[in-house]
Amino acid sequence: MEEDNITNTIELQDPLDYPKQAWTHFQLVHQKSPLIQCITNFVSMDFMANTLLSAGASPAMIHSVDEIPEFTPKALGVCINVGTLTPDWLPGIKLAAQVANQFKKPWVLDPVAAGGSSFRLKACLELLGLKPSVVRGNASEILALFKGCVDSTSKGVDSVHGSSDAVEAAKSLAQQTGCVVAVSGAIDYITDGDRVVYVYNGVPMLQKITASGCSVTALITAFVAVDPSHAVEATASALAIFGVASETGMDMARGPGSLRTLLIDSLYGLDEATVLGRVRINHL
Amino acid sequence: MEEDNITNTIELQDPLDYPKQAWTHFQLVHQKSPLIQCITNFVSMDFMANTLLSAGASPAMIHSVDEIPEFTPKALGVCINVGTLTPDWLPGIKLAAQVANQFKKPWVLDPVAAGGSSFRLKACLELLGLKPSVVRGNASEILALFKGCVDSTSKGVDSVHGSSDAVEAAKSLAQQTGCVVAVSGAIDYITDGDRVVYVYNGVPMLQKITASGCSVTALITAFVAVDPSHAVEATASALAIFGVASETGMDMARGPGSLRTLLIDSLYGLDEATVLGRVRINHL
Amino acid sequence: MEEDNITNTIELQDPLDYPKQAWTHFQLVHQKSPLIQCITNFVSMDFMANTLLSAGASPAMIHSVDEIPEFTPKALGVCINVGTLTPDWLPGIKLAAQVANQFKKPWVLDPVAAGGSSFRLKACLELLGLKPSVVRGNASEILALFKGCVDSTSKGVDSVHGSSDAVEAAKSLAQQTGCVVAVSGAIDYITDGDRVVYVYNGVPMLQKITASGCSVTALITAFVAVDPSHAVEATASALAIFGVASETGMDMARGPGSLRTLLIDSLYGLDEATVLGRVRINHL
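Chains as they are written, first to last, in the UniProt record's numbering: chain U, 1 to 284; chain Z, 1 to 284; chain Y, 1 to 284.
Errors might be hidden in some of the hints.
Note that identical chains are pooled: a pair holds if it fits in a single copy or bridges any two copies.
[Said to hold, decoys possible] EDC-like cross-link-like pairs, simulated, lysine to aspartate or glutamate; straight-line CA separation at most 16 Å:
#1 LYS20 with GLU272
#2 LYS122 with GLU70
#3 LYS94 with ASP251
#4 LYS122 with ASP66
#5 LYS171 with ASP66
#6 LYS131 with GLU272
#7 LYS32 with ASP158
#8 LYS74 with ASP151
#9 LYS122 with ASP251
#10 LYS94 with GLU70
Simulated from the structure, these hints should not be mistaken for laboratory data.
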């Protein structure tokens, strides 16, 4: 850790040196160990918490309206995920977003299966109206948010579109909402409506691990929490670091079970040489 | 994959060639990647979703009454598990069963700890009245459903009876309800009230992995979803495939922690030779 | 297993031979396979259940007020954890504590993030008033209970204090409440307000595994359930056994992902020589 040259508002000397930028962000998460409040679905809680811990952040799964006004201000970022949504969770979710906004803490939205039902889509659109810093979804989810209608071809949480299909929708959505929009897939696209940054890291087998998308959204929250003024770059760094961890984990994996374990190990042990040598980010 | 000879309603040329049948069902799950809606307990969600993903199916953990009318018709099968039941989950559970019935989608019931309390038993019996395609439980659970009374010897989710103790109860229950009843244990018994099919695959250490029973019920749902007209055979195939995956996982396992991981890896990587060589199914 | 010299109320011939005592407790859990009811947070349910199973106990995650009066009396111990607390869970939690008391079953409290908010602190203090046999927390949690005020430095579930900082608070709290209080950390301290017992087992990487604290509390519940008249010793034994399992797991671990898996494997396979050679417990 070269802690000397890390400051709270990082200066990206060379904004095009993405691998170095990713390493800087990753170091910053270890240095600050940001408290990340997660309001997420029941499936992902365990893997998400372990992802954050292994990357150096401090997760807290807290969703009660009774403590959000007091707890959320202590967090450095909030991750909101609608995976196993029911109406009784919505007040807490919205309150956390509002408190985060009030205290100028970044919050990140994961619109799981946004096009799966009217109930879910409406909730996601309402949350989008509360102006998250970043929205991260697969192509089908981002397209559903953009079109604002239920997707008849929806297969639940799994995308039926390639990520490139949603790039233009993501740009428009970013322009309309002012949020950074990230479409994850074979290639990840991150856009603020103007620029588009591409992340090429990751392995296809991630799609066979439940909650891997949820977990990368939590990692994005941690990265944006430590560098809120560069949300596009921090999001790209988080996606790339998670992708690199999956790639190095894949070297020893025998299937999705062991990949999940090795991904956490890799994320915990990632060193500078691996990050600088492996991160593949580009832009137009 | 010999996709040529797979059709939507599979023809079992030789109904007694169970290993080949299991392989055909397994291929069909990969081919169709059925969307399986799971309404299950909090303990099992993660392992269940990973089990379905590794077997080629597409899980969706969705339980809100607000989206079931719109979402359940898109699923190819519904898995219902009462593990961490509270009264507020029952309306969604019953609605999902009813919508599945209405749209002629198979649904499978896992009556976890059915004999553990009057509340739980009543809920399971009501669900049984909604005519699931298949009920899968351990011997204690199936005996509780058959007798319709709380089991004073109940040890929660763990069976205090051997699976063979429940075969006659399973047959009677199947006759009374019209459901296929599967009793899992050292030997698994599957019956439609007339025939009884036996599955000999699996390892004892599965009992040391929480939610392994829940997960095999989800796998049964996926197998029955792709071959609803042969519920007995599809159930036997799912139990055998899961058992074979546990056997090959066991070759490298050092305990229940690694077995759980290796089981997922094995399920993901199972090939035809292993399935044909290992599946052990029989009938009277 | 030397089952001959194990009885229901164990006689600790040499109370200072802690390794032998830990092995005796561990054998007793395997022998009795105690049914442990867990009312715990969504994050920990899976890992907690697997921890109990691998140690020979029988977990049941049951939290509905509708079945607690009937189910809790069947359990040999109850583990209560407030991790993802909302007001609707409190009636079930309190009822389970009361039924456990009524039937003279030990119950153990895990006051997760007690100082994180007023809501959470109030709930924990109310539960403390229901007289658990044991309270197990990290230093920040025990200090929050002792001071009875919200901790402005709280980082959610992660302690911002070393365990030694809370020893005096733990002693006072134990004197005030009559509970055994355990502070876990680099060294674990267990006190009944008079004696203080130290456990030196464990590895720092446990802090990188979510719900490892929750899981050790469940293990304490199982150990106290089989030897309720020696709550201090049983708590120390459970902490030491879990710590030893983490140490032997650590020999092969590559990071927190594999350590979690190996910890379960180790707990499952721990033998007498390892326990006797590795357990490090002491007292003033």
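To see whether the hints hold, each was checked on the structure:
With identical chains, the CA atoms of LYS20 and GLU272 are at most 16 Å apart within one copy only, with a shortest distance of 9 Å there and 46 Å across copies. Only between protomers do LYS122 and GLU70 lie at most 16 Å apart by alpha-carbon distance; the minimum there is 14 Å, versus 28 Å within a single protomer. In the homo-oligomer, the alpha carbons of LYS94 and ASP251 never lie at most 16 Å apart, since the shortest distance is 41 Å inside one protomer and 45 Å across protomers. In this assembly of identical chains, the alpha carbons of LYS122 and ASP66 lie at most 16 Å apart only when taken from different copies (11 Å versus 24 Å within one copy).
For the identical chains of this complex, LYS171 and ASP66 are neighbours neither inside a copy (37 Å) nor across copies (31 Å), given an alpha-carbon limit of 16 Å. Taking the closest pair of Cα atoms, LYS131 and GLU272 never come within 16 Å of each other, the shortest separation being 34 Å inside a single copy and 51 Å across copies. Taking the shortest alpha-carbon separations for LYS32 and ASP158, only the inter-copy value of 14 Å comes in at or below 16 Å, while the best intra-copy value is 34 Å. Taking the shortest Cα distances, LYS74 and ASP151 sit within 16 Å of each other only across copies (11 Å), while inside one copy they are farther apart (38 Å).
Neither within a single protomer nor between protomers do LYS122 and ASP251 lie at most 16 Å apart by alpha-carbon distance, with minima of 41 Å and 49 Å respectively. For a Cα distance limit of 16 Å, the shortest separation of LYS94 from GLU70 inside one copy, 15 Å, qualifies, whereas the shortest one across copies, 24 Å, does not.
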